[in-house]
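J.: Given next are the chains, with one letter for each unit.
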Amino acid sequence: MAEKKRILLQGNEACAEGALYAGCRFFAGYPITPSTEVAEALSVKLPKAGGKFIQMEDEIASISAIIGASLAGVKSMTATSGPGFSLKQEGIGFACLAEVPCVIVNVMRGGPSTGYPTGPGQADVMQARWGTHGDHPVIALTPAYVQEILFETVRAFNLAEKYRTPVMILYDEIVGHMREPIVLPEPGEIEVVDRVKPTCPPEEYFPYDERYEIAPLAAYGEGYRFHVTGLNHRQDGFPTNDPATIQEGIKRIIRKIENNRDDIMKNEEFHLDDAEICILAYGSTARSGREAVKIAREKGIKVGLLRPLTLWPFPEDTIREVSKRARVVVVPEMNLGQIVYEVERCADCEVVGIHRVDGEPITPAQIIEVMERYK
Amino acid sequence: MSGAAVAVKKKLSVPFDYSKYIRPGKLPHIWCPGCGHGIVLKALLRAIDKSGLKKDDICMVSGIGCSSRTPGYVDFNTLHTLHGRALSYATGVKLAKPELKVIVITGDGDALAIGGNHFIHTCRRNIDMTILVYTNAIYGMTGGQYSPATPVGSVSHTSRYGNIEPPFDTCEMAKASGATFVARGTAYHCQELERIILEAIKHKGTSVVDIIDSCPVYYGRMNKYKSASQMMEMIEKNGTISVKQAEKLPPEKLEGKLLRGILYKVDRPEYCEEYEKLIKKAQGKG
Numbered sequence: 001m002a003e004k005k006r007i008l009l010q011g012n013e014a015c016a017e018g019a020l021y022a023g024c025r026f027f028a029g030y031p032i033t034p035s036t037e038v039a040e041a042l043s044v045k046l047p048k049a050g051g052k053f054i055q056m057e058d059e060i061a062s063i064s065a066i067i068g069a070s071l072a073g074v075k076s077m078t079a080t081s082g083p084g085f086s087l088k089q090e091g092i093g094f095a096c097l098a099e100v101p102c103v104i105v106n107v108m109r110g111g112p113s114t115g116y117p118t119g120p121g122q123a124d125v126m127q128a129r130w131g132t133h134g135d136h137p138v139i140a141l142t143p144a145y146v147q148e149i150l151f152e153t154v155r156a157f158n159l160a161e162k163y164r165t166p167v168m169i170l171y172d173e174i175v176g177h178m179r180e181p182i183v184l185p186e187p188g189e190i191e192v193v194d195r196v197k198p199t200c201p202p203e204e205y206f207p208y209d210e211r212y213e214i215a216p217l218a219a220y221g222e223g224y225r226f227h228v229t230g231l232n233h234r235q236d237g238f239p240t241n242d243p244a245t246i247q248e249g250i251k252r253i254i255r256k257i258e259n260n261r262d263d264i265m266k267n268e269e270f271h272l273d274d275a276e277i278c279i280l281a282y283g284s285t286a287r288s289g290r291e292a293v294k295i296a297r298e299k300g301i302k303v304g305l306l307r308p309l310t311l312w313p314f315p316e317d318t319i320r321e322v323s324k325r326a327r328v329v330v331v332p333e334m335n336l337g338q339i340v341y342e343v344e345r346c347a348d349c350e351v352v353g354i355h356r357v358d359g360e361p362i363t364p365a366q367i368i369e370v371m372e373r374y375k
Numbered sequence: 001m002s003g004a005a006v007a008v009k010k011k012l013s014v015p016f017d018y019s020k021y022i023r024p025g026k027l028p029h030i031w032c033p034g035c036g037h038g039i040v041l042k043a044l045l046r047a048i049d050k051s052g053l054k055k056d057d058i059c060m061v062s063g064i065g066c067s068s069r070t071p072g073y074v075d076f077n078t079l080h081t082l083h084g085r086a087l088s089y090a091t092g093v094k095l096a097k098p099e100l101k102v103i104v105i106t107g108d109g110d111a112l113a114i115g116g117n118h119f120i121h122t123c124r125r126n127i128d129m130t131i132l133v134y135t136n137a138i139y140g141m142t143g144g145q146y147s148p149a150t151p152v153g154s155v156s157h158t159s160r161y162g163n164i165e166p167p168f169d170t171c172e173m174a175k176a177s178g179a180t181f182v183a184r185g186t187a188y189h190c191q192e193l194e195r196i197i198l199e200a201i202k203h204k205g206t207s208v209v210d211i212i213d214s215c216p217v218y219y220g221r222m223n224k225y226k227s228a229s230q231m232m233e234m235i236e237k238n239g240t241i242s243v244k245q246a247e248k249l250p251p252e253k254l255e256g257k258l259l260r261g262i263l264y265k266v267d268r269p270e271y272c273e274e275y276e277k278l279i280k281k282a283q284g285k286g
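The listed protein sequences correspond, in order, to chains Y and S.
Residue 1 is where the first sequence starts when you use the working numbering, and the numbers rise one by one after that.
Residue 1 is where the second sequence starts when you use the working numbering, and the numbers rise one by one after that.
Source of the hints: derived by calculation from the structure; they are not laboratory data.
Model, not experiment: these values are computed from the prediction.
Do not take every clue at face value.
As the list claims (entries may be wrong) - Per label pair, the in silico range of CB-to-CB distance:
#: 1; chain 1: Y; residue 1: ASP194; chain 2: S; residue 2: LYS54; range: 20 to 30 angstroms
#: 2; chain 1: S; residue 1: LYS265; chain 2: Y; residue 2: GLU210; range: 41 to 51 angstroms
#: 3; chain 1: S; residue 1: GLY143; chain 2: Y; residue 2: GLU350; range: 50 to 60 angstroms
#: 4; chain 1: S; residue 1: THR158; chain 2: Y; residue 2: ILE190; range: 27 to 37 angstroms
#: 5; chain 1: S; residue 1: GLU172; chain 2: Y; residue 2: SER86; range: 25 to 35 angstroms
As the list claims (entries may be wrong) - With a cut-off of at most 25 angstroms between alpha-carbon atoms, the simulated DSS-like pairs for lysine-lysine come out as follows:
#: 6; chain 1: Y; residue 1: LYS48; chain 2: S; residue 2: LYS280
#: 7; chain 1: S; residue 1: LYS55; chain 2: Y; residue 2: LYS197
#: 8; chain 1: Y; residue 1: LYS48; chain 2: S; residue 2: LYS277
A virtual CB, placed ideally from N, CA and C, is assigned to each residue, including glycine.
So that you can see chain Y by itself, here it is in the shape it has in the complex:
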């Protein structure tokens, strides 16, 4: 078989390709660095595919529009960066509670506030988890390579459709703007999941049918005439003040993710089997982590890399397992300490963070320097 043609793409362009592959036919966005290229690419490619791109008046309008489009039955996405991600939180909460599939891309830059728009950051990972108010489920994926951004974007849509929930893709400016040769998958090569639609007669349809962990989702205009609200609701979608119904509704949307961890979780393990030192890293920082493993192994240091591709829900069990064998878990991240505390919560060994927020990447040398202390 002839080798597939490789093309040089930027991370943000690969994200757009992944969205198209997954069947995304609606994108609403607002220009913001360093994610704008996702919107630019889709403004060209979506109409060609019969889909629609709209540049909304702001970030909140963008996430609102994709939720509306998704309820009308179209796979939808928005993309943003730091300040825009802050603004999108109310919509993320709505999509969590109303159980509307959609994908939100956050190309992370330096913060807080306007911060460092053209520099990378990884300081939005806790905002991705807890940014919107109230208890809610979260799925967030953290690709580290341009090819992987494409694959993970497809996976984000699949998870969103399967679990009727917003899915976030978090990658940083480095991978967003990096160009790498990648292969575009052929149609049918990667699984594409579509939401389950109801087959019952409209009069028997409940958008939050209690008989299901994840109820089938009808689309507006197909005869089901259902109600969606951001209020706590009953199985028929209408608001309720009943304490038991409210609590069960919130617990169920969290349970539907927790009960399916096996399907949602994804990690890459690199030289981890005999590792006495474990580097836990995600996104572009994991690239430095991988390089650090290679260099350290040459020096005879038993180091391995654990790289979560699903950052939320958090890979608690994997970390527990790894930390039984390792003496230390090293967590490099481009923030002043976010995921490191989650690791501390789960690890049975010492945990040490490596942090910087100066807009520069964490280098392999920086990681090795810390590991030298533990060899």
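Guided by the hints, dock chain S onto chain Y, whose structure is given.
T.: What follows is chain S alone, placed relative to chain Y:
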């Protein structure tokens, strides 16, 4: 006079059956006694009935507030969204499925304050949807705070010394922003309102109807109105004048009165139709 003769003379019409548009078990509504929202809902349902639209083909979207609870009661595709955002959700629905008739229910706080930016940009795009702004000049659901439609001098729970902020003219703003159908009605003139809403629904493009409505419980009590009906008479009946009547009167007689009726109507390219052309162009078929 015989009974039969009376029947012929009066030509009794069959009362309108609202129940076919109301979801079973969803009434009573949350609106207070004396609130005009129920009157507006009835005018809306009669207009929808006259439009000939099927229930399956209507998507009703709202934001947050008293009027925004409307979609929960009616048997359409319904979406109760977040404060101020109804028009953005509605834009997504409409673009994803242009064959749906999108009707947005919003209040003056929802549409003009927190949703002001979405309001002007929706009008600018001239996307096909009907926006009904229930203007009662107060935030009712949170207990009576001043809104961008509250007249200067009015008392509210956040303007105890009298409101010093001039209000928006919703219709002027809609027109300036690019809406291609702009009208005003009141709950008091309920039959006229039905005709206006019907015309708004039939219009291709963004249609905005500013509906002057009363909140006797908060605005009325705090501003010394004696009753819901007196408030309705003073604000909706005496405070407005139809476009036709206004034409016959000198400007000094119109002072302090809001114009009622279809105030502005033009034809301009509609967003979804333009988008279809864009798709053809992108696909090299244009």
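J.: Flag every earlier hint the structure violates by its number, smallest first.
T.: 4
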